[in-house]
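Trainee: Line by line, the protein sequences give chains Y and U. Each step along the first sequence adds one to the number in my numbering, with nothing skipped, and position 197 is 197. Each step along the second sequence adds one to the number in my numbering, with nothing skipped, and position 268 is 268.
Note that these hints are calculated values from the structure, not bench results. Treat the hints with caution; some may be incorrect.
Said to hold, decoys possible - Stretches of chain Y that chain U covers, calculated by requiring three or more beta carbons in the stretch to come under 8 Å of a beta carbon on chain U:
#, segment
1, 14-24
2, 43-55
3, 60-74
4, 176-188
5, 193-201
6, 269-275
Claimed, not checked - A few chain U positions that, by computed beta-carbon distances, are all more than 10 Å from chain Y:
#, residue
7, Thr-35
8, Asp-49
9, Thr-63
10, Gln-64
11, Ala-101
12, Thr-129
13, Thr-208
14, Met-210
15, Ala-260
16, Glu-270
Model, not experiment: these values are computed from the prediction. We put the CB at the ideal spot given by N, CA and C, even for glycine.
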Amino acid sequence: MQRLSRRPPSRALERAFRGLCLLAVLLPVALLGVLLFDVIRTGIARIDVEFLTSFPSRRPEEAGILAAAVGSLWLVTLTAAFAVPIGVATAIYLEEYARTGRLAGLIEINISNLAGVPSIIYGLLGLELFVRALALGRSLIAGALTLALLVLPIVIMATREALRSVPASLREAALALGATPWQVVRQVVLPIAVPGVMTGSILAISRAIGEAAPLLVLGALSYVDFLPEGIRSPFSALPIQIFNWTRRPQPGFAVDAAAGIIVLMATLLVLNATAILTRNRMQKRLGR
Amino acid sequence: MPPGRPIRRVRRVRRLGEAIIERGLLGSALLSILTTVAILVILGRNTVDFFAEVSLAQFVLDTQWTPLFADKHYGIWPLLAGTFLTSAIAIGVALPFGLLAAIYLGEFATPRMRAVLKPTLELLAGVPTIVYGYFALVTLTPLLQRIMPGLAGFNALSPGIVMGIMIIPMITSLGEDAISAVPRTLREAAYALGAGKLATVFRVVVPTAMSGIAASLVLAISRAVGETMIVAIAAGQQPRLTLDPREPVETMTAYIVQVAKGDTPTGTLEYRTIFVVAATLFVITFVANVASFRLARRYRGR
Numbered sequence: 001m002q003r004l005s006r007r008p009p010s011r012a013l014e015r016a017f018r019g020l021c022l023l024a025v026l027l028p029v030a031l032l033g034v035l036l037f038d039v040i041r042t043g044i045a046r047i048d049v050e051f052l053t054s055f056p057s058r059r060p061e062e063a064g065i066l067a068a069a070v071g072s073l074w075l076v077t078l079t080a081a082f083a084v085p086i087g088v089a090t091a092i093y094l095e096e097y098a099r100t101g102r103l104a105g106l107i108e109i110n111i112s113n114l115a116g117v118p119s120i121i122y123g124l125l126g127l128e129l130f131v132r133a134l135a136l137g138r139s140l141i142a143g144a145l146t147l148a149l150l151v152l153p154i155v156i157m158a159t160r161e162a163l164r165s166v167p168a169s170l171r172e173a174a175l176a177l178g179a180t181p182w183q184v185v186r187q188v189v190l191p192i193a194v195p196g197v198m199t200g201s202i203l204a205i206s207r208a209i210g211e212a213a214p215l216l217v218l219g220a221l222s223y224v225d226f227l228p229e230g231i232r233s234p235f236s237a238l239p240i241q242i243f244n245w246t247r248r249p250q251p252g253f254a255v256d257a258a259a260g261i262i263v264l265m266a267t268l269l270v271l272n273a274t275a276i277l278t279r280n281r282m283q284k285r286l287g288r
Numbered sequence: 001m002p003p004g005r006p007i008r009r010v011r012r013v014r015r016l017g018e019a020i021i022e023r024g025l026l027g028s029a030l031l032s033i034l035t036t037v038a039i040l041v042i043l044g045r046n047t048v049d050f051f052a053e054v055s056l057a058q059f060v061l062d063t064q065w066t067p068l069f070a071d072k073h074y075g076i077w078p079l080l081a082g083t084f085l086t087s088a089i090a091i092g093v094a095l096p097f098g099l100l101a102a103i104y105l106g107e108f109a110t111p112r113m114r115a116v117l118k119p120t121l122e123l124l125a126g127v128p129t130i131v132y133g134y135f136a137l138v139t140l141t142p143l144l145q146r147i148m149p150g151l152a153g154f155n156a157l158s159p160g161i162v163m164g165i166m167i168i169p170m171i172t173s174l175g176e177d178a179i180s181a182v183p184r185t186l187r188e189a190a191y192a193l194g195a196g197k198l199a200t201v202f203r204v205v206v207p208t209a210m211s212g213i214a215a216s217l218v219l220a221i222s223r224a225v226g227e228t229m230i231v232a233i234a235a236g237q238q239p240r241l242t243l244d245p246r247e248p249v250e251t252m253t254a255y256i257v258q259v260a261k262g263d264t265p266t267g268t269l270e271y272r273t274i275f276v277v278a279a280t281l282f283v284i285t286f287v288a289n290v291a292s293f294r295l296a297r298r299y300r301g302r
């Protein structure tokens, strides 16, 4: 048999390796920090009331993100309205009703596969199914339905996690008191799992708000000088607007893109802080 | 009031209600199956239509991809090469960083440090890809051009590196899982035999965790192959059969964006090309995801 080592290597070598490993954690994060700092330096001066309340323009110094920001707000609201109820219902079915069984196993494998499908393929699904087959056109509703399918696995997985963390003894107590399965879910399990469900929903919304590829494919517009009037309206979104500005050759538009990124990242920061606070509250409530 | 009757009625209504609710929940769950079916039907039908006009031989033997030009060629290789090149660069960045980070979190970090470092590293995966695309094109490419004069404005190198940074947490998280799953008794046995920390990590822990590390690698490949915005912004739109990272390339995903964004009429052969490319992409990522799942199950089963 191979000997594990001829001579124990010196402490110095061990310490050097440990330092290298720590560097592998810190360096990428530091790099992201530097890149974001650079974006803030480039774009912060561009952010003012006018930038936030103007439509896109041919001239970079007059362009704004109003249409894109309002479009994104519509999109994520509609996306959450579809994805959260369906995702929670699916999770309840898998965790509380059909924990074992062939069908449940098939659904489960299917969901983890869907989570690995590239987002651009969801874009093609939306293009053929919602835009064309259901004749919704290149509209907000088509975009939101597509994003809802895309983030559904996130909602399902987070909700299942939350349901699993509810102690079985509580369910058994409720059943022993004569509650029906749905009463157990509705009155005992769900109230405890709500913070977990909310965390998952916020994560799903964070994902949806930053997605550009599926929206590009199903026809989000990059030049919109009006606000959406309803769910059938054509639309733009923050990442689409940033994409468009980034690809323009004039340097002024790179500044606009940086400013747009600041707005997008600030929104994500707020969303994620909310998610973390909610999760901490849940852990406290369960006494962990 | 006759005893028992209303109670029975209440029970019957209740049972009916329960049945309806269960059906509704099942219906939601089945929606995910329908989604998969819809994806398969849409990709499959357009792919069949495509191969009615273009032979499979041309698709896999031709070395040019020019469906949008007058002189049309339908060889998938240039798009595959572009995808392979950017993904390989990304993995080249993500694997060493991700693996060393996983070793740090699994072997060296105190629980408190891990509680801080892990979510911090996860931040990298939470940044939208459009932002990484901006980094690649606006920040990194000009920086690299100062060091490498031959670097084109659109190239495979810069988006590859940025994509690598993005997928580090994916390798770290699965890899650390696998490293933590290595039984403590194995480490203690190695120490008892006189092995130092380094020998234990490289001769015992990493080899034992290898299937989990391989799972993380395969998943990272799948993610890199399917990534769209970074390469669509910074890698270019020229399908070329090259492995030179300094040149502009076009990935499969970038091609789909390019055509879908334009006004290609439905039902034309050009329109169908994006579904053929998407089907190829779907098969690659599906195989990778299944392989990763199988590998991960191997170490979890131990």
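Trainee: Now tell me if each hint is right for this structure.
Mentor: These are the hints, each one checked on the structure:
no.: 1; hint: 14-24; verdict: holds (count 8)
no.: 2; hint: 43-55; verdict: violated (count 0)
no.: 3; hint: 60-74; verdict: violated (count 0)
no.: 4; hint: 176-188; verdict: holds (count 3)
no.: 5; hint: 193-201; verdict: violated (count 0)
no.: 6; hint: 269-275; verdict: violated (count 1)
no.: 7; hint: Thr-35; verdict: violated, 5 Å
no.: 8; hint: Asp-49; verdict: holds, 12 Å
no.: 9; hint: Thr-63; verdict: holds, 24 Å
no.: 10; hint: Gln-64; verdict: holds, 23 Å
no.: 11; hint: Ala-101; verdict: violated, 4 Å
no.: 12; hint: Thr-129; verdict: violated, 7 Å
no.: 13; hint: Thr-208; verdict: holds, 13 Å
no.: 14; hint: Met-210; verdict: holds, 16 Å
no.: 15; hint: Ala-260; verdict: violated, 4 Å
no.: 16; hint: Glu-270; verdict: holds, 14 Å
Consistency with the previously given hints fails for numbers 2, 3, 5, 6, 7, 11, 12, 15, ordered from lowest to highest.
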